[in-house]
Structure formats: C-alpha cells, structure tokens
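S.K.: Okay, here's what each chain looks like letter by letter:
There are 2 protein chains.
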Amino acid sequence: MSGMPDLRHDPLSDRWVIIAENRAKRPQDFTAAGSRRTDRPCPFCRGHEGSTPGEVLALRPEGSPADGPGWRVRVVPNKYPILQATAARGLPAGEKLFASQPATGIHEVIIESPRHATRTSQLTTEELREVILTYRHRLGVARRDDQLVYGLIFKNVGPQAGATIEHLHSQMVGMSLLPTQTEQELRCAAAYYQSQRACIFCQMIEQECSQDTRVVARSDQFVAYCPYASFSPYQTWITPRTHSSAFDELSDAQAMELAAMLGKLLSQMDQVLDRPDYNYLVQSAPFDLTVHASYHWRVVVFPRITTWAGFEWATGCCINPIAPEEAARQLKFTSFL
Amino acid sequence: MSGMPDLRHDPLSDRWVIIAENRAKRPQDFTAAGSRRTDRPCPFCRGHEGSTPGEVLALRPEGSPADGPGWRVRVVPNKYPILQATAARGLPAGEKLFASQPATGIHEVIIESPRHATRTSQLTTEELREVILTYRHRLGVARRDDQLVYGLIFKNVGPQAGATIEHLHSQMVGMSLLPTQTEQELRCAAAYYQSQRACIFCQMIEQECSQDTRVVARSDQFVAYCPYASFSPYQTWITPRTHSSAFDELSDAQAMELAAMLGKLLSQMDQVLDRPDYNYLVQSAPFDLTVHASYHWRVVVFPRITTWAGFEWATGCCINPIAPEEAARQLKFTSFL
Numbered sequence: 027m028s029g030m031p032d033l034r035h036d037p038l039s040d041r042w043v044i045i046a047e048n049r050a051k052r053p054q055d056f057t058a059a060g061s062r063r064t065d066r067p068c069p070f071c072r073g074h075e076g077s078t079p080g081e082v083l084a085l086r087p088e089g090s091p092a093d094g095p096g097w098r099v100r101v102v103p104n105k106y107p108i109l110q111a112t113a114a115r116g117l118p119a120g121e122k123l124f125a126s127q128p129a130t131g132i133h134e135v136i137i138e139s140p141r142h143a144t145r146t147s148q149l150t151t152e153e154l155r156e157v158i159l160t161y162r163h164r165l166g167v168a169r170r171d172d173q174l175v176y177g178l179i180f181k182n183v184g185p186q187a188g189a190t191i192e193h194l195h196s197q198m199v200g201m202s203l204l205p206t207q208t209e210q211e212l213r214c215a216a217a218y219y220q221s222q223r224a225c226i227f228c229q230m231i232e233q234e235c236s237q238d239t240r241v242v243a244r245s246d247q248f249v250a251y252c253p254y255a256s257f258s259p260y261q262t263w264i265t266p267r268t269h270s271s272a273f274d275e276l277s278d279a280q281a282m283e284l285a286a287m288l289g290k291l292l293s294q295m296d297q298v299l300d301r302p303d304y305n306y307l308v309q310s311a312p313f314d315l316t317v318h319a320s321y322h323w324r325v326v327v328f329p330r331i332t333t334w335a336g337f338e339w340a341t342g343c344c345i346n347p348i349a350p351e352e353a354a355r356q357l358k359f360t361s362f363l
Numbered sequence: 027m028s029g030m031p032d033l034r035h036d037p038l039s040d041r042w043v044i045i046a047e048n049r050a051k052r053p054q055d056f057t058a059a060g061s062r063r064t065d066r067p068c069p070f071c072r073g074h075e076g077s078t079p080g081e082v083l084a085l086r087p088e089g090s091p092a093d094g095p096g097w098r099v100r101v102v103p104n105k106y107p108i109l110q111a112t113a114a115r116g117l118p119a120g121e122k123l124f125a126s127q128p129a130t131g132i133h134e135v136i137i138e139s140p141r142h143a144t145r146t147s148q149l150t151t152e153e154l155r156e157v158i159l160t161y162r163h164r165l166g167v168a169r170r171d172d173q174l175v176y177g178l179i180f181k182n183v184g185p186q187a188g189a190t191i192e193h194l195h196s197q198m199v200g201m202s203l204l205p206t207q208t209e210q211e212l213r214c215a216a217a218y219y220q221s222q223r224a225c226i227f228c229q230m231i232e233q234e235c236s237q238d239t240r241v242v243a244r245s246d247q248f249v250a251y252c253p254y255a256s257f258s259p260y261q262t263w264i265t266p267r268t269h270s271s272a273f274d275e276l277s278d279a280q281a282m283e284l285a286a287m288l289g290k291l292l293s294q295m296d297q298v299l300d301r302p303d304y305n306y307l308v309q310s311a312p313f314d315l316t317v318h319a320s321y322h323w324r325v326v327v328f329p330r331i332t333t334w335a336g337f338e339w340a341t342g343c344c345i346n347p348i349a350p351e352e353a354a355r356q357l358k359f360t361s362f363l
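Protein chains in written order, with my numbering: chain A, 27 to 363; chain B, 27 to 363.
Treat the hints loosely; a few may be bogus.
If several chains are the same, the list does not tell them apart, and a pair holds so long as it fits within one copy or across any two.
To be verified - Simulated crosslink set (DSS-like; lysine-lysine; CA at most 30 Å straight-line):
#1 K358 to K122
#2 K105 to K122
#3 K51 to K105
#4 K105 to K358
#5 K358 to K51
FYI, nobody ran anything at the bench for these hints, they're computed from the structure.
Model, not experiment: these values are computed from the prediction.
Here chain A stands alone, though its shape is the one from the complex:
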C-alpha cells in the first residue's frame, strides 16, 4: 500500500468506495465523548498559516503576502485528501470482482474566518457572503479543469457530522468520476424532464410554494423548504426560485440574499435544536452542461440528531422521526433581509 487513496468498485452496489489510509492519520480536535481537545493549537486560526499547505486563494488586502496575516477567507489544499491530482488509469482488465483505480481529483479546504468561529451562526452576513463568493470561485476554477467532471462543496460542523477540526471551514472536492448516487439523481431528473418537459425541481418549488405546508422562508430569489421525503429530521433545502443548474451562475445580488437566508436558517436551527452538529452541501450540476435544463442547484442543510442503525445501512431506506411539515413549522422565519 502506498497510502495513496484507492477507488475500489463494489460489484454488489455498483458503487465506489474510497480506501484512504492517509485519512487515519488526521489529527482530531474532538475526544471520543465529543468535547474539544485543548492540547493542540488550532491549525486554521490567524497566525498559524504555516500549519496548512500554502494557500491557493485568499480574500486579503491587495498586495499582502500569501500565507501571511490579514486574510478573511483562505483556501488551502486538504492535507489528508480523499482525491489527488494524479493520472487516472483504467480498470485492470479481467478483474471483474476486484476492480480499482487511483482516486483522482482535487480536495480543498475553505477556512471561513481568521477568528476561531465554530458555527455558521457566528459569522456576520457579510462574512458568509464572502464565503459563498469563494464557493462560486472555486467551483468555477474546478469547472475549467479538463480532468474534472463534477464539483461538490460540503461542510461538517461537530464530531457527529464527521468534522475532525472545530474551526469553521468547508471543503470542495473536484472529481474525475461522477459518483453513483449523483448519477442516479441526474438520471431521475432527466427522466422526469423527458416525460414532463419540465425541471423536476422547478415543479417541486411551485408545489411547495402553493401548498405552503413545508416552506421555511422565502425571498425574491430563493425559497427554503423541508422536502416532502426528507431523509433526515429538519433537513432543509435552499434553492433559487428561477431555474439555474450550476451554483457558479450565482449573481452578486443572489450571493447577498443567499447569505442572509442561510445564516438565518442556521441561527434558527441553533435555537430550535440547541446548537446541533450539522452538515450542508452545495449540490450543483456536473460540469457537462447537457443536464442544464433538467437539473437545478440547491443547498441541503441537515442537522445530525439521529444515527443510522443496522436497518438503514442494509436497506438504504432512511427513518425520519420528524415529519417535514412539523420541522418547517418549527423552523419557519420571515424577516431576514
């Protein structure tokens, strides 16, 4: 084993698993009981820029030197990447049951504040707006890389959400292979488009807004709602009300509105659920724009207050103990702009 991540194919699910022995070496901010360890300095705080690989981008005063102080948002390569920029090789011939390939792509960390903030609700709307603009920029850069077909932005807050570092950050993975679950979602959306001549997401938004039983908030450009078949409690999607497939199509004005809505939603969750661990995802179309008409980007926010048990692992069928209608009722907010 070289320690290089390895993509292995599971012939029983037709999915890929990433075997990444390098990930076992990650330092952990959290103890097994979930509290914060205090015996090591935070690698993401201002003044500790040397603890990370050199920055690939930073929002900082013009002329200030890279990897020095003064930055507001900072993007660095992940020190323990799940994907690396090496040349892909094909599947070994004749190895039907045990097929693998190197896990190629890029894996970046977006450090959201020079302060030791630990939750999105601690950012100002202006700070969150700059984070969102950074997402847009990094997705745009990944799109221009010929080796990559898809970019995903995700955020892990707290140990129950899979975070190992407490300091507020997001991650971007650019992949040379479309994940099976993403392919499945694209296939379902494309099939709907074929049969109905309409974007499935646009139709959902229309129905959600007219039924109004699962809507959490609305603005001119966006709607936040708890989807009908939410796979986890209090899951909320924020999505543009007019059709847009790729997140990097976001306008400057939309970035401001999205920052206000996302920030308020996460503050609401902090209040209603007493500061839960959570994830959010920016799910955008793959870089191949043939899916433009049938796909629609969204931010998916989900607090981690339940745990998958044996049933969910075996069946892929999630159990959600809070009806999305009830979740929306509790989370609902109006003024935020």
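Start from chain A and add chain B according to the hints.
M.R.: Chain B only, in chain A's frame:
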C-alpha cells in the same frame, strides 16, 4: 398526522423514506454524551416482562407461562415499529412528486438474554446458538406471511450504532416492499449470474480463500473475510462456503458453527478496537425464490468507528481509512471450535 409510519417516495433517488413520528417517543438508555442513564429500569431484563408487548415466541421451559420468568430468548413486537401490519394501498394517482403509502410489515425485537448483557461477547456460544436458531425461526415465520416479500435481521449495539436500549437485542423487520438498495444488490447479482453462470458470492469466496489476504477465519462450513470494497473499517462478512440463498436453510450443525465463529469475531473486535459500538445484519434472499441461484446469504458485521460526513451523504461514496487487508490482518483468528 395519525402517527402511523408513512412511506414517502423520493423522486430524485427513487428510494423510500419512512416518516415515523412514533419513533421520536422512544425512551433512551443513552445520554447525549453516550453514557448509560441509570434513572429507569431496563425493560428487557428478566422480571420486567410487563414492560414490553406480550411475547410472540420465547425459548423457555415447556409449560412455563408466556410473559413470565424462565425464558432464555424472548421475541416481542417492537413497541415503536417502523412498519405495521395494516392493509397497503396503492400510490395516490396523479401525485408524481409527493407519493406515499402506509409502511406495512412487521417489526419484532429478539431479546437475547434474561441477564443485562450488553455485548455479544458476553454470551456463551450456546446462548448465541439459541439466538441464531431464533433468527432462523422468525425468518421462516415471516416467509409464510403472504403480505411480506423480504425479511431483514439486524442488531444495533451502542448509541453510535443507533441503539436506544442497552440490553442485548436484535430486530427483525418483515417488509411488504423490497427496499431499493436490496433490489439493486439483487439486480447486480442476477446480472453477474446471467453473464458468468455463477453466483457472484461463491466466486468472491473462492477468490478470497485462494488469495488469502482478507480472510479472518475459516471453518468447515463458513468463511469470515473483510470484503475488497469494504464500505467501513473492519467490516467483516461471515458467509457459508457452499451455496445457500436463504438464512433459514441453516442446519442445526451450521447454527453451532456460526455461533462459534460470530462470537469469536465479536470478541476479537472488542479486543482490537476496545469494545466499539457495532451493527450486524443478516442479509438473506427475498422470499421469492427465483433468486435462489444468484443470491447467497451473509452476516455483515461493522463496528461504528467512523462517521459519515457531508461528502458521503452527497455522493453515497464511502471513505474507509483502514484497508481491508490491514483489518483482516488485525482481526485474524484460528481456534474457535
């Protein structure tokens, strides 16, 4: 909302989600920090038979009264079921985006000891053998129910594995609908059988035994190995070496051998991983025996020492930081019969 579990269809993944508000009312043995609460008596211990619904089966001295003392293994309906035995109705017509049906089926709890045991490694081989024979019995009963198409046995140990009750128990769910992930696995196995005229599991076993880099243990009838594309660290499958699709085909002699191997495997995991939370599944063929030639039952054991983060939720692509070859090397054992 009636509080009855509701199966909702997610049109973007073609999967079902179970909205089960009754599950939010479950009592919790564990605090948020994962330790055991001591302020309520255990409902599964001997002497507390009245805390559960009446037994549907118990291994107990002949003539001893139901729901009284003396039992060794006891099966009761789950008080907070994810599926209930009501008549199914079809999908509402014309509701393409918001389709649901009542979640029908059975949900049983198998209490594995009258003592307050909390881990499989605390059972004797003879006790575990009786638990396994109970699995076989309950699957056989579910198979004879015309409303059901599939039965799954699973076990959750510890809060990280989704358990809410500490006392050692397993669960059986009998379903009137095949879960999407199970269907996918059957489809992959059937496609392999079509093209290769061989059971994919039998071929894996043959290759694993000849390569011998991921084998944990062997006996006359069974092999335990860490699969090539393990979706989680230290995941181990125990499976019969000769073809068998349905777990309830298990012979009495096999039950003894399986108890010895499973018990030893879980003791090894306790030692190597310092008593991790864990799940295991008994994955058996659906009741429709047309899949007999292409499917092969297995017990899937997986300690819960990593957490799904945003990446895994978005892509369905698991990250495993321990190569299965390394996991097998650490878990390997020989004498256990």
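S.K.: Determine for every hint whether it applies to the structure shown.
M.R.: Evaluated hints:
1. K358 to K122: between (51 Å within a copy, 26 Å between copies)
2. K105 to K122: neither (33 Å within a copy, 45 Å between copies)
3. K51 to K105: within (10 Å within a copy, 43 Å between copies)
4. K105 to K358: Answer is neither; intra-copy 39 Å and inter-copy 32 Å both fail.
5. K358 to K51: This pair counts as between: shortest inter-copy Cα distance 23 Å, intra-copy 41 Å.
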